[in-house]
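Protein sequence lines correspond, in order, to chains W and V.
Position one of the first sequence corresponds to residue 440 (our numbering), numbered consecutively onward.
Position one of the second sequence corresponds to residue 68 (our numbering), numbered consecutively onward.
Worth flagging that the hints you see were computed from the coordinates, not collected in a lab.
Remember, predicted model here, so these are calculated numbers, not experimental data.
A hint or two may mislead.
No farther apart than 35 Å at their CA atoms in a straight line, the calculated lysine-lysine pairs in the DSBU-like style are these [to be verified]: (1) V/451 with W/483; (2) V/80 with W/446; (3) V/258 with V/69; (4) V/80 with V/69; (5) W/494 with V/344; (6) W/563 with V/80; (7) W/610 with V/256; (8) W/685 with W/524; (9) V/256 with V/344; (10) W/446 with W/483; (11) W/515 with V/451; (12) V/233 with V/297; (13) W/446 with V/179; (14) W/515 with V/459; (15) V/179 with W/448; (16) V/273 with V/256; (17) V/235 with W/515; (18) V/235 with V/258; (19) V/273 with V/69; (20) V/459 with W/563; (21) W/685 with V/69; (22) W/448 with V/451; (23) W/677 with W/524; (24) W/494 with V/459; (25) W/448 with V/80; (26) V/321 with W/610; (27) V/297 with V/255; (28) W/448 with V/256; (29) W/662 with V/455.
Where chain V lies over chain W, by a calculated footprint (3+ residues, C-beta under 8 Å) [said to hold, decoys possible]: (30) 449-459; (31) 510-522; (32) 609-616.
Pairwise CB distance ranges (calculated) [to be verified]: (33) W/571 with V/350: 10 to 20 Å; (34) W/591 with V/177: 44 to 54 Å; (35) V/403 with W/640: 47 to 57 Å; (36) W/699 with V/301: 49 to 59 Å; (37) W/593 with V/384: 29 to 39 Å; (38) V/206 with W/613: 45 to 55 Å; (39) W/659 with V/403: 51 to 61 Å.
No residue lacks a Cβ here, since even glycine has one placed at the ideal position from N, Cα and C.
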Amino acid sequence: MWDYTEKVKDHFLNPRNVGEIEDPDGAGEVGSLACGDALRLTFKLDENKRIKEVKFKTFGCASAIASSSALTEIIKGMTLEEAEKVTNQDIANYLGGLPEEKMHCSVMGREALEAAIANYRGQKVAKEDFEVICTCFGVTDREIIKAIRENDLKTVEQVTYYTKAGGGCGKCHPKIESLIERVRKEMEKEIPPPKPEKKKLSNIQKIKLIEETLGREIIPALKADGGDLDLIDVEGNKVWVALRGKCSFCPSSEFTLKQYVESKLREFVSDEIEVEEVRP
Amino acid sequence: MKTVYVDNNATTKVAPEVLEAMLPYFSEFYGNPSSMHFFGGQVQKKMDEARAKVADFLGADPSEIVFTSCGTESDNAAILGTLESYPEKRHLITTRVEHPAVGNLSTYLGRKGYRVTELSVDREGRLDLDELKESITDETALVTIMYANNETGVIFPIEEIGEIVKAKGIPFHSDAVQAAGKIPLNMKKSKLDMLSISGHKLHAPKGIGVLYIRKGTRFSPFIIGGHQEKGRRGGTENVPYIIGLGIACELAKKNMEQENTRVKALRDYLETKILEKIPNTLVNGDRSHRLPNTLSVSFEYVEGESILLLLSDLGICASSGSACTSGSLEPSHVLRAMGVPFTAAHGSIRFSLSIYNTKEEMDYIIEHLPPIIQRLRDISPFWKDYLKSQGKD
């Protein structure tokens, strides 16, 4: 059985934004019945050119449905320029991660979005312009290169997990291997981009992000050890939390807090976060 | 939450009688059957009784029974042991729908330089015996064909095949892991030289298998070691499991009629109701030659893993031939070999029953399955397209 996160299960059991918008501004469809999964994405923009409404229909496994649902939640309210920057990794992260073998579900989400935006702009993503590397699943060099770059892929197996390429007869494995070699050489030559500055957040955004980060990165791990944690208050960069369960009387809880909670919040929210514990 | 276990082709519950019979052999009677003292000797005696029960179940002589660790080992021992005995022959005949224990081994042998013929099946999962006749040559070392398919339950005409194969004097093996306990097997009347069965498919525990080897069959041991199993399989015997398998075979013989009457009726009831309540559903495999407990159905335009997880959420345990459940990207090799269309291959679900299932459980499935399929079809882009194409939207 696959080890799906609670968030994947939630988005599979209660998918958000299911359906098809009549007369959409943009529509994209990727995958097919033969491939075993497919996603049809439609969206409408508001007067400020932000995504007002977005809907999906998906044929596929639990992680394909969850990835589609997550994608619609992520891009709602975004401009197309912002939506364009959403990567498959963003979709997977939103879901608290996917089994590596299922990463192609997140890639399918990103590709459908790309197709829908291109459709809005009247562009065509023509497969003919690119070389089909994997004939079993109809995957082009463009898609494979993009997946290698965005996900730092190193092996043929990983490329299969992320794009399905090479998952059928296996005849294209040497081609995928040489693509990996070529792209990784190019990547090495490129100077690594400077670490992106974390966005300036409004207080509401910050609290929301803190809550999300706690829920996704921290609480599940604490729960695994029989503990739990509540967010009490946020003021500026100071975050007050209370430990529950086993953690609340654990002598090393201060260490738990400083090292673990703070580092995660600094990673995902702001470098200046300081965590304080509220003792009962 | 209640558990409705309908995945008995994957594994079965250990029968309480089996477990009870095994336990003393972990604690009290732990002797090595090969020992010269009374303490080992009494275990040897019990093991002989178990061997006799297994032999009786298969219509074989006790000396023809070799205990192994699982069905896969039995298959590997039969195939590799035969090829080893006929080093000059480099051709193997099998089918496209074998269990990986035979299928992947054949692929491996193909890479090692053997010529491997994989017989095809038709849309119903049936073999073409003319294809078999044509593929036999002087080079053929072994024909290995499964008794019944694990995914669809389709039963192959093993005795008819045996007539053809033995007329040419070629060794003949069958993986009967799914057939054992569901349909009668009688080696005295069979053309088979070797037959594999697995304990955990017939209410014995995982970790015990049998290879039947007909007297006079050329065979080289796969696991080389001590003198156990008359030199045909080295390694100290797994005594508690062998005792358990003996009881399981005794029970299976007793329950054979029930499998083919009550269990079959439950399966047929489930099948009829599913077909009646859910449109665009098809049964995979030849319904007139099928194990009494197995039902493989495909629901068009939805994907199997999603169905399984929604069923699992309700406590219903089944399995699927869909790509996503196995970690591979293509749907089951069995359904592909049968040419099941892609609209249906990804949405296949296998229900496999046992004597422990009840009518109430079937009703529970019948109540909950239709809304699950409808819910997934509502999410699927292809269902609406299909309805439109039919002018139903």
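Violated constraints from the hint list, given by number and in increasing order
3, 6, 7, 8, 9, 13, 15, 17, 26, 28, 29, 31, 32, 33, 34, 38, 39
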